[in-house]
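Peer 1: First to last, the sequence lines map onto chains S and B.
Residue numbers for the first sequence follow the working numbering, so the first one is 1 and each next one is one higher.
Residue numbers for the second sequence follow the working numbering, so the first one is 1 and each next one is one higher.
Calculated directly from the structure, the hints in this document are not laboratory data.
As the structure is a prediction and not an experimental result, all values here were calculated from the model.
Take every hint as true, because none was put in to throw you off.
Computed from the model, here is a short list of chain B residues facing chain S with C-beta under 7 Å: (1) 210; (2) 211; (3) 212; (4) 214.
Lysine-lysine pairs mimicking DSBU-like chemistry, simulated, CA-CA at most 35 Å apart: (5) B:328 - B:66; (6) B:197 - B:66; (7) S:272 - B:251; (8) B:251 - S:366; (9) B:220 - S:342; (10) B:66 - B:163.
Glycine included, C-beta positions come from ideal geometry on N, C-alpha and C.
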Amino acid sequence: MQRRIYLDNASTTNIHPEVLKTYEELLETYYVNSESLYDEGSEIHRMMEKARGAIAGLLGVHAEDIIFTSGSSESNSAAIKGVCMADMSRKHIVTTPIEHSSILNCCAQLHRLFGYEITYLPVGREGSIRLEDVRRALRDDTAIVSVMAVNNETGAVNPVEEIAEYVKKHSRAYMHTDMTQACGKVSFNMKNIDLASYSAHKLEGLKGSGILVRKTHVPFEPLICGGEQEEGLRGGTSNACVNMVFAKTLRLALENGKRSHAYIGELSQRLKDGLRKIPGIEINSPENAVAGIINFSYENIPSEVMQNALNRQGFMVSARSTCASRSEDPSYVLMAMGLGAKRSNSCIRVSLSHRNTEEEIDLFLKALKEITEQYG
Amino acid sequence: MADYDTVLVRFGELSTKGKNRKDFINRLFRNIQYMLRDFEELEYRKAYDRIYIRLNGADHEKIREKLQKVFGISSFSFTEKVEPTMEAITAACLRIAENSGAKTFKMITKRHDKTFPLRSDDINRQTASVILKNTGLKVDVHDPELPIRVEVRSEAAYITSEKIAGAGGYPAGINGKVLLMLSGGIDSPVAAYQLMKRGLNVEAVHFASPPYTSENARNKVLTLAGMVSEYQGRMKVHIINFTDLQLNIYKTAGDPYAVTLMRRMMFRLAEQIAQKNGCIAIGTGESIGQVASQTLESIACINDAVRIPVLRPLICHDKLEIIALANKIGTYETSILPYEDCCTIFDPKNPVTKPTVEKAEYFEKMFDWQSLIEAALADEETAVVQPPRNEESFL
Chain S
1 MQRRIYLDNA
11 STTNIHPEVL
21 KTYEELLETY
31 YVNSESLYDE
41 GSEIHRMMEK
51 ARGAIAGLLG
61 VHAEDIIFTS
71 GSSESNSAAI
81 KGVCMADMSR
91 KHIVTTPIEH
101 SSILNCCAQL
111 HRLFGYEITY
121 LPVGREGSIR
131 LEDVRRALRD
141 DTAIVSVMAV
151 NNETGAVNPV
161 EEIAEYVKKH
171 SRAYMHTDMT
181 QACGKVSFNM
191 KNIDLASYSA
201 HKLEGLKGSG
211 ILVRKTHVPF
221 EPLICGGEQE
231 EGLRGGTSNA
241 CVNMVFAKTL
251 RLALENGKRS
261 HAYIGELSQR
271 LKDGLRKIPG
281 IEINSPENAV
291 AGIINFSYEN
301 IPSEVMQNAL
311 NRQGFMVSAR
321 STCASRSEDP
331 SYVLMAMGLG
341 AKRSNSCIRV
351 SLSHRNTEEE
361 IDLFLKALKE
371 ITEQYG
Chain B
1 MADYDTVLVR
11 FGELSTKGKN
21 RKDFINRLFR
31 NIQYMLRDFE
41 ELEYRKAYDR
51 IYIRLNGADH
61 EKIREKLQKV
71 FGISSFSFTE
81 KVEPTMEAIT
91 AACLRIAENS
101 GAKTFKMITK
111 RHDKTFPLRS
121 DDINRQTASV
131 ILKNTGLKVD
141 VHDPELPIRV
151 EVRSEAAYIT
161 SEKIAGAGGY
171 PAGINGKVLL
181 MLSGGIDSPV
191 AAYQLMKRGL
201 NVEAVHFASP
211 PYTSENARNK
221 VLTLAGMVSE
231 YQGRMKVHII
241 NFTDLQLNIY
251 KTAGDPYAVT
261 LMRRMMFRLA
271 EQIAQKNGCI
281 AIGTGESIGQ
291 VASQTLESIA
301 CINDAVRIPV
311 LRPLICHDKL
321 EIIALANKIG
331 TYETSILPYE
341 DCCTIFDPKN
351 PVTKPTVEKA
361 EYFEKMFDWQ
371 SLIEAALADE
381 ETAVVQPPRN
391 EESFL
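Bound conformation, chain S alone (with noise of 0.2 Å):
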């Protein structure tokens, strides 16, 4: 059996043994709906509360702020649907062209349907956008301002603690951004943020969960209708023991995160010295980048030949969003940053976790060099 080495912590991570134990234990017990009268539903109901408070306490906002959602992607189509439906009088969004499909596409399905504008922040070389350009785009009639705090594919961080401190001053905008990839890796003053996602799967927690932070004096109609679960915000049966255990992913994701942050950034180190001893890659990922994601491109070797040639020798690796990854296109976020088809279509994408170690950076550095030289 080949030894398979994952180096795809951007796409999805495996669960933690803690949260693992925790939800299977909460399984078996806590069956009945969270929203029944009886005893053993009010019991479901106040651990499920008492999570949703230790969240908003780990995130520095109010309990109510916390919407249970089945992820980012949901929660990103919530944040700007919800806030957009809520008051159709204004109908200008500024977003970046590097976010996540889930934004982009309700972008542009906003556009489509009700005739939304949208206006898509200019990246620069680093892969981050400028506030200048934040201030350039706000209008009178703009809706929301959705940011991503760390981009997926490259990992350069925006400023969006000073996005959000412009346009909550400058404008009657909403501040939304999505904190999928920066949760345990990048903190924020939520000061200024009226909305945020948040995945559990990118951090060591369950597929199919995550949150909207939607503080309360934001307008906002539910993307799905339903009962009064979630103020009436989320219609559905309450997925109780999943959104219990986000508060212990949470909890877990951030002490991690501190305790690890000094490990994988001698990783990131160790493999972009690496990368820089083999003719001909270049490294796609800004200095400001977070240390678990490092994107390069080889551009003798597509994307998916390169993948194809790695999983062969036990690497899993993503091109660009793993989202996209079955799409021919190339990475629409370098071609965002001006770096030319040819080298957004030769895309790598390594991100680390601090189960990954030295040696398997080392086997790793050394599979590519051996690729390049044998297809390049």
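Got chain S; can you put chain B on it based on the hints?
Peer 2: Chain B only, in chain S's frame:
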């Protein structure tokens, strides 16, 4: 619904086979048993010109679906087996008529047992008059909605109301073995089906170019092989790593002749694998003019590389005909999965449409393809595939 308890299977093309009749029947008998291997309750009996399968409660709809895939069957019918008496025969015919929902019928009787007291015509009249008296059905001798067939034999009478067309052709495996070049596209699985239909046993060879082609592409080919293997039971697939040959061809010949040379090399490899595995011919899914390598000139130039006969069952089929067949055998949806096109590096920009042997040989002199072919053969992998089943442990 009448209580069907037997399937009567009629053979195809048997009259033309003369002395091979016994082989034909034995093979067909085995193939049918293999196709129906999941139904343990069935009982089989071979007769001179029929095969009888006792259902013993098996789901006749499922049996029908499976039998329609067995080559060598011209038609089959679900029959009721009753006592060879007029009372039993009439009662069964009446029940079939009552339950049919048809408006017109016709009785067709064959009296094999000449000791039976009534002649065929009399049996027709008596049963028909009972049906006419007791139901609203009318007789239509020219175009009946419900033909009811009665076969009277000494041991029993068989009554059947529907003749279901079989797949025709010869029992798979009776006419020797062929090595099919299986690409993962739409055509080659259809070619496998056509070859099997003529009684050939099909083995397959697939040329993979990792890392330029993915594991998914390879798995797709094995899935397709598994799908068509149902018509013959199982299928051996040889997988050849073609990457080194391909890279050398591109380095040497460049764009226009690359495809021609690739195909010549593939044919050479296939010829050797065929000879090693007892295959008398190689098969392809080529169809005239479909792509640059399938012009008549290209086919001639490529065929020139080998001496073994090459069977091309789709050679004069239109693409739409091939797609219709692919849909019929259920391979189309899998064939159009996009893994094939994951890499456009080897897609020629300007392939030659009228290659010549001289020019191909000129390029081939420029690199040592013989040892690359040897290396590719030494590196061969084989897999034996079977029709897919749902056996995941989590289901």
